[in-house]
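*Asks:* Chains as they are written, first to last, in our numbering: chain G, 23 to 342; chain C, 23 to 342.
I should point out that these hints are in silico values taken from the structure, not numbers from a laboratory. Idealized CB from N, CA, C, for every residue including glycine. There could be a bad hint or two in this list.
The list that follows gives simulated cross-link-like pairs (lysine-lysine, PhoX-like), each with its CA atoms no further than 25 Å apart [stated by the list, open to error]:
1) 298/G - 324/G
2) 257/C - 298/C
3) 191/G - 301/C
4) 298/G - 191/C
5) 153/G - 59/G
6) 191/G - 227/C
7) 56/C - 306/G
8) 257/C - 341/C
Have a look at the derived ranges for each label pair, beta carbon to beta carbon [unchecked claim]:
9) 293/G - 197/C: 32 to 40 Å
10) 252/C - 302/G: 33 to 41 Å
11) 199/G - 48/C: 26 to 34 Å
12) 314/G - 64/C: 27 to 35 Å
13) 310/G - 191/C: 53 to 61 Å
14) 26/G - 196/C: 56 to 64 Å
15) 114/G - 124/C: 37 to 45 Å
16) 48/C - 26/G: 48 to 56 Å
17) 105/C - 196/G: 49 to 57 Å
18) 64/C - 173/G: 51 to 59 Å
19) 247/G - 201/C: 54 to 62 Å
20) 201/C - 196/G: 29 to 37 Å
21) 224/G - 228/C: 39 to 47 Å
22) 199/G - 191/C: 24 to 32 Å
Protein chains: 2
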Amino acid sequence: MAKPYVIGVDMGGTNTAFGIVDARGNVVASSSIKTAKHSKIEDYIDELYQAVYRLMEDNDAVGKVQGIGIGAPNGNYYTGRVEGAPNLPWPSPIPLAELVTNKFGIPCIITNDANAAGVGEMTYGAARGMKDFIMITLGTGVGSGIVVNGQMVYGHDGFAGELGHVIVKRSNGRQCGCGRTGCLETYCSATGVARTAREFLEIRKEDSLLRKMDIAAITSKDVFDAAIAGDQLAKEIFDYTGTILGEALADFMAFSSPEAFVIFGGLAKSGDLIMKPIKEAFRKNVLPIFRDGVKIVFSEMKEADAAILGASALGWEVKD
Amino acid sequence: MAKPYVIGVDMGGTNTAFGIVDARGNVVASSSIKTAKHSKIEDYIDELYQAVYRLMEDNDAVGKVQGIGIGAPNGNYYTGRVEGAPNLPWPSPIPLAELVTNKFGIPCIITNDANAAGVGEMTYGAARGMKDFIMITLGTGVGSGIVVNGQMVYGHDGFAGELGHVIVKRSNGRQCGCGRTGCLETYCSATGVARTAREFLEIRKEDSLLRKMDIAAITSKDVFDAAIAGDQLAKEIFDYTGTILGEALADFMAFSSPEAFVIFGGLAKSGDLIMKPIKEAFRKNVLPIFRDGVKIVFSEMKEADAAILGASALGWEVKD
Numbered sequence: 023m024a025k026p027y028v029i030g031v032d033m034g035g036t037n038t039a040f041g042i043v044d045a046r047g048n049v050v051a052s053s054s055i056k057t058a059k060h061s062k063i064e065d066y067i068d069e070l071y072q073a074v075y076r077l078m079e080d081n082d083a084v085g086k087v088q089g090i091g092i093g094a095p096n097g098n099y100y101t102g103r104v105e106g107a108p109n110l111p112w113p114s115p116i117p118l119a120e121l122v123t124n125k126f127g128i129p130c131i132i133t134n135d136a137n138a139a140g141v142g143e144m145t146y147g148a149a150r151g152m153k154d155f156i157m158i159t160l161g162t163g164v165g166s167g168i169v170v171n172g173q174m175v176y177g178h179d180g181f182a183g184e185l186g187h188v189i190v191k192r193s194n195g196r197q198c199g200c201g202r203t204g205c206l207e208t209y210c211s212a213t214g215v216a217r218t219a220r221e222f223l224e225i226r227k228e229d230s231l232l233r234k235m236d237i238a239a240i241t242s243k244d245v246f247d248a249a250i251a252g253d254q255l256a257k258e259i260f261d262y263t264g265t266i267l268g269e270a271l272a273d274f275m276a277f278s279s280p281e282a283f284v285i286f287g288g289l290a291k292s293g294d295l296i297m298k299p300i301k302e303a304f305r306k307n308v309l310p311i312f313r314d315g316v317k318i319v320f321s322e323m324k325e326a327d328a329a330i331l332g333a334s335a336l337g338w339e340v341k342d
Numbered sequence: 023m024a025k026p027y028v029i030g031v032d033m034g035g036t037n038t039a040f041g042i043v044d045a046r047g048n049v050v051a052s053s054s055i056k057t058a059k060h061s062k063i064e065d066y067i068d069e070l071y072q073a074v075y076r077l078m079e080d081n082d083a084v085g086k087v088q089g090i091g092i093g094a095p096n097g098n099y100y101t102g103r104v105e106g107a108p109n110l111p112w113p114s115p116i117p118l119a120e121l122v123t124n125k126f127g128i129p130c131i132i133t134n135d136a137n138a139a140g141v142g143e144m145t146y147g148a149a150r151g152m153k154d155f156i157m158i159t160l161g162t163g164v165g166s167g168i169v170v171n172g173q174m175v176y177g178h179d180g181f182a183g184e185l186g187h188v189i190v191k192r193s194n195g196r197q198c199g200c201g202r203t204g205c206l207e208t209y210c211s212a213t214g215v216a217r218t219a220r221e222f223l224e225i226r227k228e229d230s231l232l233r234k235m236d237i238a239a240i241t242s243k244d245v246f247d248a249a250i251a252g253d254q255l256a257k258e259i260f261d262y263t264g265t266i267l268g269e270a271l272a273d274f275m276a277f278s279s280p281e282a283f284v285i286f287g288g289l290a291k292s293g294d295l296i297m298k299p300i301k302e303a304f305r306k307n308v309l310p311i312f313r314d315g316v317k318i319v320f321s322e323m324k325e326a327d328a329a330i331l332g333a334s335a336l337g338w339e340v341k342d
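Working from the sequences, and respecting the hints, build out all of it.
*Replies:* What follows is the structure in C-alpha cells.
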C-alpha cells in the first residue's frame with residue numbers, strides 16, 4: 023500500500039527548498055538549506071538528509087514517505103543524473119537520484135525544474151484534468167514542461183521540452199548561455215526583459231522612468247514597476263516580450279495542439295502587461311484551425327509551494 | 023479474436039488507393055479509384071465499397087477484415103471527420119469514418135495522411151521499435167507525424183503535428199495556402215523547391231540548365247535532374263531547401279527530443295542532395311546536448327505501398 027506522504031525538493035543554485043506533502047497536495051511542512059555552501063556533493067546530501075529527517079520527525083512522517091521527487095536544473099528523469107547545470111558547484115554528471123535514494127533509503131526520482139512544475143500543474147494546478155498542455159516557465163531562463171496524452175514528454179533521452187532554446191531570431195539574435203544566438207529565453211525570460219530594457223533605452227529617445235536608474239542594473243521588476251506607474255516605454259518592453267512569446271506559442275501549437283498553455287514563474291506576475299500581447303500575437307500568428315481552441319492562462323499554483331509540490335508529485339510515481 | 027486482415031485506404035485529391043494488408047504488413051492485393059469524379063460523397067463511398075468488396079472477394083477476405091484505416095487530407099482521428107481539405111470536392115466537414123463504417127459494416131478509423139505515414143513507419147518501417155520519432159513528409163506540402171512514448175500525438179483536438187506550418191521566416195516570408203506567410207512548407211515542399219528555383223533564376227545571374235526550361239512550369243523533379251547533371255544552381259537550390267529544413271528540425275528537437283527524424287515523400291528521393299544540407303544545418307543549429315543523439319534518415323517504406331500500409335495499421339486499432 024502506498025504510504026501517506028511524499029517529499030518534494032526544489033533544488034536551485036542558491037537554495038534548496040523541501041517539504042512533506044500529503045496525497046491531497048497539502049504541504050504539511052517545509053524548510054530549506056543553502057545549496058552552494060558545500061564544495062562536495064556528499065556534504066550537501068548529508069545536510070539535506072539531516073534537515074529532511076528533522077522535518078519528518080517533527081511531523082510524525084518517519085517511515086511514512088512513499089518517495090522523494092526532486093526538481094533540479096538539467097535533471098534527467100531517465101538517468102537520474104544532473105548533467106551540465108551551470109549554476110551548481112559540483113562536477114557533472116551528478117548521480118543525484120542514486121545518492122539520495124541510498125542516503126535516505128527512500129526511492130528518489132528527479133526531473134528538471136520546468137518538468138517538475140508541469141507535473142505539479144497537472145496534479146494540483148490549472149491543468150488538472152488536462153491530457154495535453156504545455157507549461158512555460160518564465161524565470162531567469164525560459165523552461166517548459168510538455169504533457170501529451172496525459173504523460174510528461176521526456177523524449178528518448180530525457181531532455182525533451184527545451185522550448186526556451188527554440189530559435190526565434192535567425193539572424194542578429196541575442197547571445198544565449200547555451201552558446202547559440204536568438205533563443206526564446208534571451209527575449210522572454212526575466213533576464214531577457216532586462217536586456218530589452220537596456221536595448222530600448224539605448225536605441226529610443228523618449229523619456230522614461232527607467233532612465234533614472236542605473237541602466238546596467240535594471241531588472242524585470244524595475245520594468246514592471248515603471249509600467250505600473252504608467253511609463254510608456256516600460257509597457258512597450260512588455261509588448262515586445264509578450265509578442266515574441268505569443269509568436270513562439272503559435273508555432274508550439276502546430277506541434278502538439280495542447281488544450282492550454284500555462285504560464286508560470288516570476289514574469290507571470292506581470293499579469294495583463296504580458297498576457298495581452300501574448301494572446302494578440304498568438305491569435306495573429308497561429309494556423310487558423312487552432313485560432314479559437316486554446317487557453318492561455320497563468321499558473322494557479324501558490325508561488326512558494328509550486329516547486330515543492332511539483333517535485334513531490336514525482337514521489338508518487340515510485341514503485342513499492 | 024482479431025481477424026487476419028485490415029484494409030488501408032490512401033485518399034488523395036486525385037486518386038484513392040486501397041489494399042488488403044495482413045498482420046505481417048504484406049499488401050496482399052491493392053487497387054484504386056478516382057476520387058474527384060463524384061460530385062456527391064455518397065456516390066464516392068458507393069464506388070469505394072464496390073471496388074473494395076470486389077478485392078476482398080477475389081482474395082478470400084470477405085468477413086476476415088478487422089478494421090479499415092484511412093489516411094485523408096485533414097482527416098481528424100478523434101472526430102472521424104475530414105475538415106476543410108482544399109483538394110477534396112465535397113462540402114466540409116465530411117463524416118468519413120461514419121460513412122465508411124456504416125457502408126462496409128466494418129469499423130473505420132481515419133487520420134491525416136502524414137500521421138498515417140507515421141503509424142506505418144512505426145509499424146513496418148524505419149521507426150520500428152522506436153518510441154519517440156518524428157516523421158516529416160515532403161510532398162506537395164510538408165506534413166508531419168509525431169510519436170511520443172510510442173503513441174501518435176493527435177493533440178487535444180486531433181490536429182497536432184502540423185509542422186509544415188511552423189513559421190520559419192517571420193518577415194518577408196512566402197505566402198502559404200493556409201493564409202499566413204513564411205510557413206516551412208512554402209520552402210521545403212516539392213512546390214517550395216520549384217518556388218526557390220524561380221526566385222533563384224530571377225535574382226541570380228549564373229548560367230543554369232534550368233534557364234533552358236519554361237520557368238513558370240519548373241518542378242522539383244526538373245531541379246533534381248539538373249542537379250544530378252551537375253548544375254551548380256540546382257545544387258544550391260537543394261542546399262537552400264535542406265538548410266531551412268535542418269534549422270527547423272533543430273527546433274523540433276527541443277520539443278520532443280526524438281530518437282530519429284524520418285524523411286518521407288517525393289523529395290526524399292533526392293538523397294544526399296537534400297540530406298547533406300539538412301544534417302549540416304541541424305548540427306549547426308541544434309542545442310549542444312542534442313548534437314550527437316539523433317538519427318536523420320529516409321523512410322524505409324516502399325513508396326507505392328507506404329500510404330496504404332500506414333493507413334492500414336490504424337485498422338488494427340479498432341476494438342472488436
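*Asks:* Each of the hints needs a verdict: does it hold here or not?
*Replies:* Verification of the hints:
Proximity of residue 298/G to residue 324/G is assessed by CA-CA distance (about 22 Å); at most 25 Å being required, the pair is judged to hold. The hinted pair formed by residue 257/C and residue 298/C meets the criterion: a straight-line CA distance of about 11 Å does not exceed 25 Å. Straight-line distance between C-alpha atoms of residue 191/G and residue 301/C comes to about 20 Å, which keeps the hinted pair within the 25 Å bound. Pair hint residue 298/G plus residue 191/C holds up; C-alpha atoms about 24 Å apart against a cutoff of 25 Å.
A distance of roughly 40 Å separates the Cα atoms of residue 153/G and residue 59/G; the hinted pair therefore is violated under the 25 Å criterion. At most 25 Å may separate the alpha-carbon atoms for a hinted pair to count; residue 191/G and residue 227/C exceed this at roughly 29 Å. The straight-line distance between the Cα atoms of residue 56/C and residue 306/G is roughly 38 Å, outside the 25 Å bound, and the hint therefore fails. Between residue 257/C and residue 341/C, the direct Cα distance comes to roughly 49 Å. Violation of the 25 Å bound is thereby established for this hinted pair.
Taking the beta carbon of each, residue 293/G and residue 197/C are about 36 Å apart, inside 32 to 40 Å as hinted. Against the hinted window of 33 to 41 Å, the Cβ-Cβ separation of residue 252/C and residue 302/G comes to about 50 Å, which falls outside the hint. A hinted range of 26 to 34 Å is violated for the C-beta pair residue 199/G and residue 48/C, which are about 52 Å apart. The hinted window of 27 to 35 Å between residue 314/G and residue 64/C holds, with their beta carbons roughly 31 Å apart.
In this structure the supplied range 53 to 61 Å is violated for residue 310/G paired with residue 191/C, their Cβ-Cβ distance being about 19 Å. Judged by the Cβ atoms, the range 56 to 64 Å given for residue 26/G and residue 196/C holds: they are separated by roughly 59 Å. About 60 Å separates the C-beta atoms of residue 114/G and residue 124/C, a value inconsistent with the hinted range of 37 to 45 Å. Taken as a hint, the range 48 to 56 Å holds for the pair residue 48/C and residue 26/G, whose Cβ atoms sit roughly 54 Å apart.
Distance hint for residue 105/C and residue 196/G: a CB-CB separation of about 40 Å, inconsistent with the stated range 49 to 57 Å. Range check, residue 64/C to residue 173/G: about 40 Å between beta-carbon atoms, so the 51 to 59 Å window is missed. Our hint of 54 to 62 Å for residue 247/G and residue 201/C is violated, since their Cβ atoms are close to 40 Å apart. In this structure the hint that residue 201/C and residue 196/G lie 29 to 37 Å apart at CB holds, the actual value being about 30 Å.
Between residue 224/G and residue 228/C the beta carbons are some 42 Å apart, a value that agrees with the proposed interval 39 to 47 Å. Checked against the hint of 24 to 32 Å, the pair residue 199/G and residue 191/C passes, with Cβ atoms roughly 26 Å apart.
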